[in-house]
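Chains H and W, in that order, give the protein sequences.
Just add 6 to the spot in the first sequence (first one is 1) and you have our numbering.
Just add 6 to the spot in the second sequence (first one is 1) and you have our numbering.
To be clear, the hints were calculated from the coordinates, so they are not data collected in a lab.
Be careful, since some hints might not be right.
The list treats identical chains as one, so a pair stands whether inside a single copy or across any two.
[Said to hold, decoys possible] Listed next, the in silico SDA-like pairs over lysine to any residue satisfying Cα-Cα at most 25 Å (straight line):
| id | residue 1 | residue 2 |
| --- | --- | --- |
| 1 | K192 | R168 |
| 2 | K119 | S105 |
| 3 | K17 | S246 |
| 4 | K129 | S210 |
| 5 | K129 | F176 |
| 6 | K192 | L166 |
| 7 | K192 | A242 |
| 8 | K119 | G30 |
| 9 | K192 | T148 |
| 10 | K192 | G47 |
| 11 | K129 | F34 |
| 12 | K129 | D250 |
| 13 | K129 | P46 |
| 14 | K192 | P245 |
| 15 | K117 | Y170 |
| 16 | K192 | Y139 |
| 17 | K192 | I145 |
Protein chains: 2
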Amino acid sequence: MTYCVGLRLNKGLVFMSDTRTNAGVDNFSVTRKMFTWDVPGERVITLMTSGNLATTQSLVSLLEERSKITTERSPSILELPTMFQIARLVGSTLREVISDSHTEGQQASSKFKASVIVGGQIKGGAPTMFLIYPEGNFIEITEDNPFFQIGEAKYGKPILVRAYDPDMSFEDAVKLLIVSFDSTIKANLSVGLPLDLHVYFQDSFVATARPRIEVDDAYYQAVSSSWGDALRNALAQLPSYNID
Amino acid sequence: MTYCVGLRLNKGLVFMSDTRTNAGVDNFSVTRKMFTWDVPGERVITLMTSGNLATTQSLVSLLEERSKITTERSPSILELPTMFQIARLVGSTLREVISDSHTEGQQASSKFKASVIVGGQIKGGAPTMFLIYPEGNFIEITEDNPFFQIGEAKYGKPILVRAYDPDMSFEDAVKLLIVSFDSTIKANLSVGLPLDLHVYFQDSFVATARPRIEVDDAYYQAVSSSWGDALRNALAQLPSYNID
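Assemble the whole structure, with the sequences as input and the hints as a guide.
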């Protein structure tokens with residue numbers, strides 16, 4: 007499995023993904039699930055993937071290749087005019103990859119499925135984000151639904167529901183995401199460090215550094231170890247149940 | 007779905023279950039998923055169920071009936087000498103109900119599956135708990151694995167992993183469970199109030215009152231509304247992430 011979250015804040019967008027991929031429990035490795043394309047000053051687009059690794063790698067390679075080979079450049083992720091059209095392109099490419107896997111040759115019991123979060127900003131439009139289903143259709147982020155999760159989403163959802171605030175700073179949003187990821191990692195072997203992070207500042211049209219948070223990252227370790235104490239303190243503040 | 011948790015503390019056992027049952031989202035109702043049998047001074051046994059409602063109701067009815075009809079009384083949940091044998095009885099009865107549903111008649115696409123937590127204490131033994139799978143086999147609670155969850159277990163697991171302590175009081179354990187249930191209820195429509203609670207005091211061999219925590223329960227509302235603030239305060243205490 008996988009865990010990826012995309013948040014929309016008033017100040018911009020935040021993306022975080024884990025990097026564990028596994029087939030069973032005896033075959034696991036580190037793989038990047040976050041990819042960014044940019045045309046500085048004009049557009050920044052970040053994509054995160056969950057699901058069958060062969061499918062998601064093909065998807066990213068096709069998007070990548072079509073952005074480079076001139077004859078295949080139209081439509082390209084670097085040229086389409088709006089984020090909505092980017093989402094349509096990613097959706098149709100994803101559908102193409104999945105249906106290609108189904109046509110002939112050996113059949114697999116799993117479905118080659120994958121889900122994608124794609125977000126960013128193109129000059130002339132607002133920053134936005136889409137959740138793309140294996141069927142190629144998609145939904146857009148809204149005020150009522152200001153974050154998307156793919157993969158092992160359940161463990162880390164309650165803290166997002168409780169603590170997300172559109173006015174929060176990027177620093178606080180990353181802290182919140184690290185707590186959400188840490189809750190998931192502590193409860194499920196199929197999600198693991200390192201984590202990839204991308205913070206996009208609204209109207210900057212520049213892809214900032216995308217740090218990788220490693221297993222021994224001092225900040226991650228500090229949050230992970232103090233969050234247990236902070237939670238126990240928070241519980242202690244609540245009124246006690248009265249047993250007759 | 008369902009959410010049920012059984013905890014073993016040094017002071018005894020705590021059981022909590024929700025009461026929502028649904029087939030799709032347009033057909034839902036309240037049903038009891040927690041059942042207790044006792045022989046005061048000798049044994050207290052509590053059982054919680056998750057899964058196909060026809061299966062779990064048959065299971066409970068069979069256990070109930072066989073504890074009452076003299077000719078069918080052996081083996082009975084009221085007479086077996088150890089908790090291990092109780093778990094074997096529940097497991098074999100569950101397997102019997104599920105395989106009965108499969109033999110003839112209309113086929114269903116779902117599997118009539120169910121999982122069960124059964125725990126309690128019988129004079130001469132320690133309090134213990136078992137998690138019983140649809141196949142009828144089971145595992146026992148241990149120090150390393152001191153709680154069982156069935157149903158929608160993921161949302162409410164991180165807080166249990168972080169805050170469970172075998173030395174905690176019953177009052178604190180109930181508070182912890184309410185937070186775990188509230189996190190689940192806020193994130194998933196298939197788990198809902200009211201909640202059933204049973205606290206068993208080690209070596210008491212008496213089934214205490216099993217309160218039902220209703221939707222408008224003042225304590226539940228207080229914990230639910232103050233937990234959001236407590237979490238946000240806990241997050242605020244953590245060090246901030248530094249964005250370059």
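Tested hints:
1. K192 <-> R168: Both: 19 Å inside a chain and 9 Å across chains, each within 25 Å.
2. K119 <-> S105: within (10 Å within a copy, 33 Å between copies)
3. K17 <-> S246: Between copies, since 17 Å is at most 25 Å while 39 Å is not.
4. K129 <-> S210: So K129 and S210 pass the 25 Å test inside one copy only (10 Å; across, 71 Å).
5. K129 <-> F176: Classified as within: same-chain Cα gap 22 Å, cross-chain 58 Å, threshold 25 Å.
6. K192 <-> L166: Answer is both: 16 Å inside a copy and 11 Å across each meet the 25 Å cutoff.
7. K192 <-> A242: both (22 Å within a copy, 21 Å between copies)
8. K119 <-> G30: Result: close both inside a copy and across copies, 16 Å intra and 24 Å inter.
9. K192 <-> T148: This pair counts as between: shortest inter-copy Cα distance 19 Å, intra-copy 30 Å.
10. K192 <-> G47: This pair counts as neither: shortest intra-copy Cα distance 40 Å, inter-copy 41 Å.
11. K129 <-> F34: Neither: 40 Å inside a copy, 48 Å across copies.
12. K129 <-> D250: between (64 Å within a copy, 24 Å between copies)
13. K129 <-> P46: The answer is within: 10 Å in one copy meets 25 Å, while 74 Å across copies does not.
14. K192 <-> P245: Answer is between: at 20 Å across copies they meet the 25 Å cutoff, but 27 Å inside does not.
15. K117 <-> Y170: neither (34 Å within a copy, 38 Å between copies)
16. K192 <-> Y139: between (27 Å within a copy, 24 Å between copies)
17. K192 <-> I145: between (30 Å within a copy, 22 Å between copies)
The structure does not agree with the numbered hints 10, 11, 15 stated previously, though it agrees with the rest.
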